[in-house]
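Chemist: Listed below, chain by chain, are the residues.
Protein chains: 2
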Amino acid sequence: MPHGTSPSPPKIVLASASPRRRALLSDLGLSFAVEPARFDESQVTDGDPVARVKALADGKALDVAGRHPDALVIGADTIVVIDGTILGKPEDEEDARRMLRLLSGRTHRVYTGVSLRHLASGRHALEVEATDVTFGPLTDEQIARYVATGEPMDKAGAYGIQGYGATLVRGIHGCYFNVVGLPLYRLARMLALFGVEVF
Amino acid sequence: MPHGTSPSPPKIVLASASPRRRALLSDLGLSFAVEPARFDESQVTDGDPVARVKALADGKALDVAGRHPDALVIGADTIVVIDGTILGKPEDEEDARRMLRLLSGRTHRVYTGVSLRHLASGRHALEVEATDVTFGPLTDEQIARYVATGEPMDKAGAYGIQGYGATLVRGIHGCYFNVVGLPLYRLARMLALFGVEVF
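Taken in order, these protein sequences are the chains called A and B. Numbering follows our numbering, in which position 177 of the first sequence is assigned residue number 177; successive positions increment by one, without gaps. Numbering follows our numbering, in which position 93 of the second sequence is assigned residue number 93; successive positions increment by one, without gaps.
None of these hints come from the bench; they were simulated from the model. Mixed in with the good hints, there may be bad ones.
Claimed, not checked - Derived DEER-like restraints, expressed as beta-carbon distance ranges:
| # | chain 1 | residue 1 | chain 2 | residue 2 | range |
| --- | --- | --- | --- | --- | --- |
| 1 | B | Met-153 | A | Gly-88 | 20 to 28 Å |
| 2 | A | Phe-194 | B | Pro-137 | 18 to 26 Å |
| 3 | A | Asp-27 | B | Arg-189 | 41 to 49 Å |
| 4 | B | Lys-11 | A | Gly-150 | 20 to 28 Å |
All C-beta atoms in this analysis are idealised placements derived from N, C-alpha and C, irrespective of residue type, glycine included.
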């Protein structure tokens, strides 16, 4: 490589169907393509939260990287953990109400695994960020009204910290964007390892 | 009032020019009008952060309420405090760089005062939320590049926690939306006192 120049950063592909992850990455001013992974999540059976989000994030990234070996592929997975139990997306409205009753008035932990894969160079990075989230107390009526908004149905733990859900969360400890679905502080440092600067 | 009915909630007016506050209130699904206060902030000389954001929030709310006595008016003010010093909006780019050097690698506190005024009934509420924000370490080069994006110039403390600024903040302790400009958990409870339910 000539002195004083650096390789151009690779094209970025986000291996996620989440509109929230897409919006977060857009807000950073990065240009990227989106290709949701075709990855069978049932093959990941880890009960440990950190191991689980790492396996899921990396499984998604590797699947998409296989079709885009020259790209830098970002995979991510977010889960909610309370009382040692992992909460994924609710199966139906009754399941959403059950999850919200569990979260009411208490603190739970949100984990997001992030995997960066660049097959052409063989380089990769795999990290996990954890954020504690404290809910205010919820009445059954508030839970019913929140579920009726439809907001809980496609989200781990049956809530979104953006939108209506913002009024349920008394406070957090850690990275806010991790709860939305991508830990931006950590992600920026991971991207820099691959020559991608956010601004 | 007939049994089983309740008075219809008052019309809401947001007494703020901040596009971020407007977006937050819209995200809650509330309908409201916007009328920035004509309020001389220099008349508030409190050096104590809590007294200062209370006085500024209430000054803005009262100014607009005087023209809309039947409306529920929301006033708010946000400041950044580090080492006992209040940081407002930067005066110029050099001032922004100075503030960011002060925040680099350390924890500061963000205060937002919220005032609700309904002159027709004489009812009002005035509260303050505080959130701790921890920056990662910033190099002079990162600071220069961040200032060059223009993002710091209209924001207390010379940063926005949304957008590029998200990659500067390692984590927070407390309400995230308070840092953006409106503490939504607290605001929802204040609005409920006036018969306004968020969802």
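Chemist: Next step is simple, just say for each hint if it's right about the structure.
Modeler: Verification of the supplied hints:
1. Met-153(B) with Gly-88(A): 20 to 28 Å: violated, 42 Å
2. Phe-194(A) with Pro-137(B): 18 to 26 Å: holds, 21 Å
3. Asp-27(A) with Arg-189(B): 41 to 49 Å: violated, 29 Å
4. Lys-11(B) with Gly-150(A): 20 to 28 Å: holds, 27 Å
The structure is inconsistent with the numbered hints 1, 3, although it conforms to all the rest.
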